[in-house]
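**Student:** Chain A is fixed; fit chain B onto it per the hints.
Chains as they are written, first to last, in the UniProt record's numbering: chain A, 1 to 647; chain B, 1 to 647.
The hints are simulated quantities; they were obtained by calculation from the structure and are not laboratory data. Treat the hints with care, since some could be wrong.
Since the list gives no way to pick out one identical chain from another, each pair is judged satisfied if it fits inside one copy or across any two copies.
[To be verified] Straight-line alpha carbon distances no greater than 27 Å define the calculated DSSO-like cross-link-like pairs of lysine-lysine that follow:
#1 Lys292 x Lys388
#2 Lys138 x Lys305
#3 Lys295 x Lys388
#4 Lys305 x Lys292
2 protein chains.
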Amino acid sequence: MKQEQFLSVVDRDEAERRFRAALEPLGPLGVEEVALAGALGRVLAEDIASPVDVPGFDRSNMDGFAVRAEDTYGASEQAPRRLRCLPEPVVMGVLPVGEVTEGTAMAIPTGGVVPRGADAVVMVEHTRLDGDHVLVEKPVTPGRAITWAGTDIAQGEVVLRAFDVLSSRETGVLAAMGVDRVGVVRRPRVAILSTGDEIIRPGTPPLPGRIYDSNQVILADAVREAGGEPVPCGITPDAPEAVRAALLDALAVADLVLLSGGTSKGPGDLNVQVLAEVLAPPGILAHGVALKPGKPLCLAASGRKGVVVLPGFPTSAIFTFHEFVAPVLRILAGRARPARLHGGEADGARTWARLPVSLGSDGGRTEYVLVRLTEDAEGAAIAYPIGKGSGSVTTWSHADGYFVIPREVERVEAGERVEILPVAGVRPRRVDLVIIGSHCVGLDVVLARLAQRGVSSKLIAVGSEGGLAAVRRGECDAAGVHLYDARTDSYNTPFLEGGLVLVPGYGRLQGVVFRAGDARFEGREAAEAVRAAAQTPGVVMINRNRGSGTRALVELLLEGTRPAGYAVEASSHHAIGAAVAQGRADFGVAIDIVARERGLGFLPVREERFDLVVAASRVERPGVRALIDELASEEVRAALRGRGLLA
Amino acid sequence: MKQEQFLSVVDRDEAERRFRAALEPLGPLGVEEVALAGALGRVLAEDIASPVDVPGFDRSNMDGFAVRAEDTYGASEQAPRRLRCLPEPVVMGVLPVGEVTEGTAMAIPTGGVVPRGADAVVMVEHTRLDGDHVLVEKPVTPGRAITWAGTDIAQGEVVLRAFDVLSSRETGVLAAMGVDRVGVVRRPRVAILSTGDEIIRPGTPPLPGRIYDSNQVILADAVREAGGEPVPCGITPDAPEAVRAALLDALAVADLVLLSGGTSKGPGDLNVQVLAEVLAPPGILAHGVALKPGKPLCLAASGRKGVVVLPGFPTSAIFTFHEFVAPVLRILAGRARPARLHGGEADGARTWARLPVSLGSDGGRTEYVLVRLTEDAEGAAIAYPIGKGSGSVTTWSHADGYFVIPREVERVEAGERVEILPVAGVRPRRVDLVIIGSHCVGLDVVLARLAQRGVSSKLIAVGSEGGLAAVRRGECDAAGVHLYDARTDSYNTPFLEGGLVLVPGYGRLQGVVFRAGDARFEGREAAEAVRAAAQTPGVVMINRNRGSGTRALVELLLEGTRPAGYAVEASSHHAIGAAVAQGRADFGVAIDIVARERGLGFLPVREERFDLVVAASRVERPGVRALIDELASEEVRAALRGRGLLA
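So here's chain A without its partners, still in its complex pose (with noise of 0.2 Å):
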């Protein structure tokens, strides 16, 4: 029998739309009260208007005399205005207790009270005293250097909106007013369940087949993000009497619940299930959406109480979320306008960016696509797309956007122009430094090393042969790149052409990796040995990935033989070391920080040059000169050297 299909698919807008109905009135959450000193960042839940003046009375906002203005008209340096200080001062904090009158002054600090029948200020600087007369050189029209009561706020007045978000700005002004305790909008409570056999909670040793629960703490802190209060439930085992029980203490406790894991048809899947049993209506809306990353998501309703299964993968979890929860959460917490006037949300700028690359999709559904943004020459951007997929946890924490492949569309092309959203509601950060090419872990000292010198950098790991073609193109600052030519028998120097100068790197050493004590490798030559391996059955190899500096040197010792494991392409050192040092293969080509950071064995094949190519109209740029600094000094050359690097 034909095994049935995944599950029955709803068009991403519909799923929405379903989702959005059930929620309605859709709208900010009640009121509560908090102390000014803790309101920072909270949400305004109505107006203000102000119960008192500011400032409460006519403030001096000069040290000087208060004085009728019209008695110091005419007067100068060479003929000073002569007038009788009246004997009690203007004290701060305290109603003065004479008047002025004409041919009188009152001696006033600023922040003082403007005293009955003065209408202005003479500073200080331009007075003299003279026994019990002060003498002003200088005339003041009426209003001088006074701040008339409610000129800054008038009692009445509306200072503040709802739905204002409280920044240090906001709170003065509300201190200003004497207000220490203020209505906003309660924050959303989330409960956040994470289920899964597979789950462990981080901080304990990992076990073999199991994995961190990263959602619960990216989705509480995305909630915290969002304006939203998480309730952390921790893990639930894939039991339906365990789902069931926390589900119903989330209901319970929470706005909306999110549970994360469980929702394909594999033998884990039974969170869907809990919900059709335990839900009020309108229960389930939508299981199985038409996008990517997200198809298992799974949007519910108990009541008005949104309650969404989450795709297991990290990408596609914090995905969808972003894209269903998040602007449902912002609403509650009065964040985000319930009506779009523009196309996105508020402040959400769009930037368009070329794509470097063509990228198929399936078709038939909304894909989403992430990317991490360098700009060409002209500061046009440039949007290289995140290949690692929707179980990735780095491909969300990398990407400084994305965009989104229609479902009528099958492919992009390379230089087409797409539009960049947020991510998370994350601005692409302008780096000091672009790197695009192969990466290595010496590259990781330099990169630290001019953080700590506050140059900012982005590395985008293509390989040796994109980062070349990349540098050409002016899409980034530099490309790391270790390209073998044969025909001279050097690395890098022969592919610099057409304005690319070579910045010298550091030597590393290439060789073979196997698990140490394999009698197969242990203790021979490297081309001699990878040479017996290829011919030995039940030895399996793993490869590099194609256009990288080590794929190179591996097709050189394989001589064109194509052992097992010659088809699976790991994409950097680390990987490698992983495949071996785990078993899945029995030997591979790395550099020897790897077989030495993972104990392995390790047979030197040669020493190859890392180095940076960077075009020359480049060179001169702040964050290209500290990094060519940085690489020639004594201090990252040690460091390099430390790592096992031959600098």
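**Tutor:** Using the frame of chain A, we list chain B on its own:
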């Protein structure tokens, strides 16, 4: 004898140089370990290399069957490859017991561990079950639907760097690596003391001559925003022993000490004297800085601990905080780069704007002018200076940014371009509707209603004439105006020309306000009462600012006379009400609402029209459309009538 000069004033940059030099070496404070669940927003203290591979095993990305890829080659729907199903499927979170050998397949769920021997997963949709066999209908390549161990994050890979700020993007990555405690930079503790006999705590009843302590709240929250931890130290009276005791306490607990108030030469000035006695060397570094606002600033240090006496006036205090203290705080908190590669702060993108008015400066000191921004028809920024001065707390809270008038410049002309710097890192928000012109309480009603509908707005109060000029220059969406034309005896319509459209507003009753019971006004006819008052010695009026619609009405009533107080110009209806209520003036002209809210007497003069004027080219903008709709809605008109307006 000549009054001694205020204080010996230091150049702005020199003052900053001395302060920074005293704190050197200046860098992030030490490390403290916090739970990951409380790490959001904190600053990483060190590079984080992953302790594990993520995923920790070769993981299936699909529900399906783990196979050897070569066993599927040539498979099709018509000619499926038949593989024997191994009896034990892969179970989530458990290492598989069996091994996939030639001609076999093992059922596997999404997230399951790929069993030994398999190098690909066939998705369930491409299979059929046939007893204890599975029919594969589509070939797969090696690696298909598998994420190899360490692909996302490899053990030893540097994933996050020191001084990364932890958002949900980063905390999720830490959790995925099993990290549940993390070393972050300790938050600098900043003691905040308000000093002054005139200062009272918000939440207590207002007292004559006293002002609420807004600086403590605004500084505490600004410290939080800069990554510090405020230590509020309350209000200290102007007494040397009290200030000394508070200062010693503060120095004992804090990394940085802020005092506000008491920095001028007035009677309350003793903070600086106490500093001179109490601080360890180097002590006072600068007292009096050539800048406006902020001249009375005092920068000091006790050892390497910064001590700053900020001016008491709110805008001066917060501005000097952001200029001199916040950058230091961000360095201590690990949030700023020690060196600046570019001219400005890390992400402080700068913008240029055109000044619509000319501005004089005193020269000889750096002057900062806070502005509100709008845009002309071409989208170019226009900067309206906020004129309320450094004593104002709302100046700061309304500002979209500021520009600098260098010490050698004495005047900036209308039309000049100025470089706008962000206020406290706050980027100007784009709003849906910009209104420039006269302010009215009725406008508050409409804008509050629009805010509820999700339409954001900005109101720049410059009076009717200024608003009309702004809307003509295309600098705003609408202008609030109430301008009387004597020739036609009508409001507003005579001033429309050149593509301006009138949006009907409402009527409001202008009249003479006076203290209830004042026999000189009570029960009389307005024009006659003003005529009499103008000739009665001892009666004081309060005027409105030139360019306001009400000023024109005042001039009509005065018939050319200039009673006492004529030269004193208040800038709002509320300010007129306050002046009369507090006895500073005996009468003025304002709308009846103000009289009602303050319990003042009121003699009606005329019903005037408050309308909105819109450029014809902007009528279809969503914000303008919403304004027009709301003004016409019965709901808003009822609310306007509820505030006593004629709608």
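**Student:** So, against the hints stated earlier in the document, which numbers end up violated here?
**Tutor:** Failing hint: just 2.
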